[in-house]
Amino acid sequence: MIRLPLGLVLASATTTAAIAQQPEPTPTAPSQSRAGEIRIGFVAQSLRRQSAFDAGGTATGVGSLSGFELFARLEGVGLLARRSTGTIDANGHGLEGEYLLREVRLIIGPRVFSIEGGRLQRTGSYLNVEAAPTAWRGGIRSQWSIGGSGVVVTIGAGALFSKLDTEGGAQFKLRGHDLDAQALLQAPGHLPLYVLAGWRYERFDDLEASSARSEEASGPYLGIGVRLAPRAILRDP
Amino acid sequence: MNRCHTGCIGIVLGLLASVGPPASVEGQVINPIQDLLDGGRQAFNNLNYHVADSIAGVVLKLPELRRNQRLQALQLAAAARYPESGADQDGDSAMSALRRYVRVAPTAPIARDLTWSGLDSLLAEARRLTFGASVSVPGTSPIEGVNGRVSLPVAATRPAYFVFRVLREGTEGPGELVDSIGPIEHGILRVAPVVSDTPRFPSGNYQLTVTATDPTTGEQLNHIIRGEFVLPPVPLREIPDRVDPARLKPERTPPSRAISLISGALVAGTVIASAHLLRPPALTGASVGSESRAVPIGIGLGVLTTAVSWYLDRGKTIAPHAEANLRLLRDFEANRRGLLAENDRLRLAYQGEVRLALEEP
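Protein chains in written order, with the working numbering: chain X, 1 to 237; chain Z, 238 to 598.
Simulated from the structure, these hints should not be mistaken for lab results. All residues carry an ideal CB built from backbone N, CA and C; glycine is no exception. Keep in mind that a hint or two might mislead.
Pair ranges (Cβ atoms, derived) [to be verified]:
1) Z:R573 to X:F42: 49 to 55 Å
2) X:G168 to Z:R551: 57 to 63 Å
3) Z:P482 to X:L106: 49 to 55 Å
In silico contact screen, one side only, chain Z against chain X (beta carbon under 10 Å); selected entries [stated by the list, open to error]:
4) G294
5) P436
6) P439
7) L520
8) G526
9) Y548
10) R551
11) K553
Chain Z on its own, in the form it takes in the complex (with noise of 0.2 Å):
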């Protein structure tokens, strides 16, 4: 601007006169910020560098200005700054607009129809020169099946850490850190909107920053994103992890306790009795004695039947029980079987959807 001559600003004004709210014009829209952009790229094109810079000068003071076209406006500054006939050359004012640009475009080149070896020489020295960094938002992300994920490329012009925060709407702090990066020059910051089935954001309006910070000079460049999540809870129906225990029989009856007790004194009053009762005349009459072992040995064995009974005894297995629950365990693995599947299935058929849109400077 400092080069423009007065004709200029007059050219420049008279073309500020046209911008105005947006006309229709046989149902087009007008939009007068691009007009001026495309006047001053005529202004190029005509070689008229110096009307050309001033129309960028004065896009570039506008308040509602949009990325693309602030991006066309340094571009076509650093053009007409840095043209390829030599006279009109001001390299360190087209590397001012230049480092402007990098800042928040990294990676992006300058339109053909603008650029030259030179300029595109100068470009890559901004980019050296300058820290820049850049995060594509992909508009409306929809979300599908609950492992569905929302990817922001990001990019920087030397590598950076990039670190990827959301914050929702009305509530204060740093907001909860989703992923980082870095450092790498380009990458791609990824958020997964639910987690374990449940939405980690409920429904509703999200801030969401990305901070790229050179690792060298510890510079940060902060990236806002408005966010608009549209995330229901996934619809899964309830798996029981057990039989209900009051649905099991018992699959064994009690211990036989008084069966094991009448047992024993049934074989040691059997043996005691048989020494002692059946015996014959001729013997008893002789006065030969009875055999000496009977008692201890019955006794022996009376306590050895009802203490080894008493010990092993559980009860007896009640087979129809024990199959009655085998049947409702199977029952039960087969239900619950088949609710997992179908979580399964809402899991991939769950929709959700994520809208954003990056916030201007």
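So that you can see chain X by itself, here it is in the shape it has in the complex (with noise of 0.2 Å):
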């Protein structure tokens, strides 16, 4: 039920990334590397949590989340830092209070295709109880350039998983899937800003520490910053 659509979707993004790369009806190669990029930013999200408990019952919650997001890479491998904080306000059905996202991420691989893994941490109010809990975490992504817009699409899906310890060894239990879908505009390509929109969905089963037995957050999210890169991938990574 899952993971076809999520199969699909990432299928067409990474042979649509693929003909999107594909290579110039050129003699020689460019000249100019392509291996590099930098940006930070500031990101702001509007993120809406649904729960249900445990205990039974559902809530609802709604808040703004802003802080920065950091990406780094190099030809092959890419690192993607980022941290959001802010208040969900849920009428009083135990999702209100500070909310804190954080995440860190390894990427290996071409940008048309890479894996990513990762470790993220959620800090919330459960019940007006809080908890914080974490999630080992491993995806995919797609990422393409439009022509020469400066235009450049991002598609990633990612599952969660939690590490339990039993008798007989470590063991890894999926927690959920999240997917990611974002469009970066950097123009005019010589200037090292750069602008984002996009729209982040995540699901949770069984939360570690806990009240919720499921949870989704998911909002569309805005972002500003700068980006560094050789001319060739600013225009066309």
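Two chains, two separate frames, one set of hints: put the complex together.
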């Protein structure tokens, strides 16, 4: 049920990225280096949390998060770190209060299709009890530029795992999924500034150290910041 | 001549009898007119002023007279008619000769062995009363380089306008105006035979006219100069002004319209799918609605992605093509600079010639 649409979306994204990154009809390779990119910027997200609790019942809360995002990448290896915080308003349903999102990812592979692995933490109120569940994350992402427009599209998906220590050793159990789509614009190409807009969806099941059986958190986000990269990457990441 | 006695006439006729075709004595060319003038000057030195005057008068009537011979004859006539001994002086007659003299030689003095202070004063008076103008013809002028010039010094007894025209032989009209100066007493008329790297006058024979005009009286004097211009074309290399567009390669790919449309659809689809297909059963079972903003935001984000990329996409830069075009332009510029330098050298090395001869009046 979940894997099929997820696979279709990512397969389409990867195919599009592969087509978009087709080599130019040139007799020789571009002389400019395509290695290296670093961007850091401010991110603001409108977040909606919906939780189903072990004790029964559901709750919905909305709020705004803001923070920073750092993305650095060499050819074939990258790093993503983000941190956002804000306040959730749930009208007395138990989700009110501060909410903190922290995440770090290691990215391996070419831009058109790369593999991610990382760690994340969501700190918030669950039935008025603060909890900070953590999870390991493994995922894939695909990134491509649209011609020479300066628009860079990224679509990524991931699976969230928790580590269980059992008598047979440590085991990882699937705890959720996430999906992310964003469009970044860096224009005009010679300025190291970017704006981006995107959507992020996360789903958690059997959250560790919380009373929530399942939770989904989603919403649009906007970002702005500085992006440094060789000219070839600015227009043609 | 009116004062010449019969004996004087006899002497002159005797001298004239010796005037005939130029003869060669031991290889030396004998000029009978010059001999005649020398005889007149000898008569003057022997104080035979009437004889000298008669000889001058005879010479001045000869049709084949050259300009310098005419000037010598007029000097001799003036000196013979106004010698230092007061008894032989005829001021009016001398003035008549001097006015003819200054008309064609406004600034030339009288030979030192013929003149004296009284005659010099008379000459100055003649210059004051007579409008005369002259032009000095350089003979053969080599034209070295396209900026070479031919210069004609001019002079007049009083400030005058000088107009310089050139007319190709065999054509009609006043001729092409090439220079004008004035009012001045001394100046230089110039003509540039090559203008804008092109001979202004094709090789051939020309009639050059220098007209001097007295601005007070309106009196005009024309000097006719026969000219032969030898002006070959300037052998310049042709310089292209731009690169042949057919040799330039496209520096950009066509805009990626299909990728733009597919990307927008993927973004929209991902957003909408995420809110509807990944939901936990615990929430769907509890009839908790899906994220209502997903559809409008997904569509908006997709449309925005497509619209922005569609509008901004001018195609990807094809770096090797751009570099090849840059190399082509650099090579073109280097070649062009080389041709320009070569043409500068050819301009300096250009050689022509203008041969001029003043026509006798």
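Of all the hints given earlier, name the ones this structure violates by number, lowest first. Numbers 4, 5, 6, in rising order.
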